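The numbering used here puts the first residue of the sequence shown at 1, with every later residue one more than the last.
There may be inaccurate statements among the hints.
Claimed, not checked - Label-pair restraints from in silico Cβ distances:
1. Leu9 / Ser39: 41 to 47 Å
2. Phe41 / Leu65: 26 to 32 Å
3. Gly37 / Thr3: 25 to 31 Å
By construction, these hints were calculated from the structure, which means they are not laboratory data. Bear in mind the structure is a predicted one, so any value in this text is a computation, not a measurement. Built from N, CA and C at the ideal position, the CB exists for glycine as well.
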Amino acid sequence: PETFFNMQLIDAGDFLTGFAKCIAYGAAIPIVSGYCGLSTFGGSEGVGWATTRAVVNSSLAIIILNFFISGASFLIFPG
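Work out the full structure, taking the sequences as your base and the hints as a guide.
As structure tokens, this is what we get:
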């Protein structure tokens, strides 16, 4: 197992970046999904469309957040 996962190669920047991504994704997904769910109209068909919209928008939010958090991480923790 140590061949595949060496704890000596992980520094504080990696840990803090991962932690920041967890916090950002954990906040973005419920906010986007809640907004899509609360703006639903049109009965059961509207719920289906809102669900699809929530999944797509959450995925886009994660991609955008990943871009900015990774970019900031490379600037803050060089190397």
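Against which earlier hints does the structure fall short, listed by number upward?
Violated: hint 3 alone.
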